[in-house]
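Colleague: Each chain, written out:
2 protein chains.
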Amino acid sequence: MELKCRLDHIGIVVRDLEEAKAYYKQCFGFDASSPIVDEPAQKVKIVFLETGHGDAPSIELIQPVSEASTVFNFLEKTGGGLHHLAYLVSDFDEAIEHFKKNKALMVGKVYPGAGHKGQRVIWFYTARKDLVELIEEKK
Amino acid sequence: MELKCRLDHIGIVVRDLEEAKAYYKQCFGFDASSPIVDEPAQKVKIVFLETGHGDAPSIELIQPVSEASTVFNFLEKTGGGLHHLAYLVSDFDEAIEHFKKNKALMVGKVYPGAGHKGQRVIWFYTARKDLVELIEEKK
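Each protein sequence line maps, in turn, to chains A and B. No gaps in the numbering here: position 1 of the first sequence is 1 in my numbering, and each next residue is one more. No gaps in the numbering here: position 11 of the second sequence is 11 in my numbering, and each next residue is one more.
Think of the hints as simulated: they come from the structure by calculation, not from any bench. What you are looking at is a predicted structure, and each value in this text was computed from that prediction instead of being measured. Honestly, I wouldn't trust all of these hints.
Which copy? The list can't say, so a pair holds if one copy fits it or any two copies do.
[To be verified] Quick list of in silico lysine-lysine cross-link-like pairs, DSS-like style, CA-CA up to 25 Å:
1) K77 / K129
2) K129 / K4
3) K103 / K117
4) K101 / K21
5) K103 / K43
6) K25 / K103
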């Protein structure tokens with residue numbers, strides 16, 4: 001199988017979602033392409049910004065809302081910044097098998113992505129140590 | 001002035017360009033959209049990969065070719081990974097003034113980007129500590 005991923009968004013961890021959103025508008029001219037959404041699976045709130053390409057790819061700003069959030073340690077350690085790349089895949093189940101065959105390590109379990117209209121989401125660390133989110137493309 | 005940036009590429013620092021390029025092809029299905037190019041201004045070699053959106057945005061793989069490279073310390077400290085976002089701007093000189101007004105710190109000097117057909121390039125640390133590359137859009 002040859003998988004074909006399609007870049008969906010760039011995840012950036014921030015301390016203050018509203019402040020970061022305002023800065024990206026002011027400095028880069030980026031409008032939000034979504035409302036602010038709670039993602040309970042990761043204990044974060046998120047917002048998507050368009051980057052001059054219509055809906056995708058976008059920037060996802062991510063603010064942890066709890067110390068138990070998956071990105072809380074990243075924020076504390078680094079002060080925030082570039083965190084992950086997310087890709088759309090047309091065949092989600094095949095993509096998972098393909099990534100496993102390529103020695104990527106699955107992180108957690110499949111869940112319905114609150115920021116992606118409930119489409120299924122899974123996370124991997126690739127063999128190259130890249131943190132990657134795969135999102136099931138809407139049929 | 002309202003500036004409008006347009007995402008051009010995501011820079012990822014790697015230890016071995018050929019190995020990383022092969023992995024992105026095998027795992028993600030990404031083809032190279034450029035030859036491997038030497039960028040003497042940064043003492044790196046680079047290659048661009050398409051990410052399912054035609055020419056842009058793309059992933060730029062970056063390998064330092066000298067310990068004096070601007071990304072050598074990043075590679076040693078982190079093992080490599082997500083490094084910067086690069087944006088096309090239509091009015092390059094106005095964009096520089098706009099970023100300065102928004103308290104972004106200019107890093108180095110303007111130079112002709114070897115990976116961008118000699119179009120002018122400048123780097124900034126934004127007030128939010130994001131490392132950003134601005135590229136003059138071809139008229």
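Colleague: When Cα atoms must be at most 25 Å apart, do K101 and K21 count as within-copy, between-copy, both, or neither?
Modeller: between (38 Å within a copy, 18 Å between copies)
Colleague: Treating 25 Å as the Cα threshold, decide for K103 and K117: within, between, both or neither.
Modeller: neither (29 Å within a copy, 36 Å between copies)
Colleague: How would you label the pair K103, K43 (within, between, both, or neither) given a Cα cut-off of 25 Å?
Modeller: Classified as neither: same-chain Cα gap 28 Å, cross-chain 31 Å, threshold 25 Å.
Colleague: Given identical chains, is K129 near K4, meaning Cα to Cα at most 25 Å, within a copy, between copies, both, or neither?
Modeller: within (20 Å within a copy, 33 Å between copies)
Colleague: Reference check for the pair K25 and K103, CA-CA at most 25 Å: within, between, both, or neither?
Modeller: between (39 Å within a copy, 14 Å between copies)
Colleague: How would you label the pair K77, K129 (within, between, both, or neither) given a Cα cut-off of 25 Å?
Modeller: The answer is both: 18 Å in one copy and 14 Å across copies each meet 25 Å.
Hint compliance for this structure: hints 3 and 5 are broken, all remaining hints hold.
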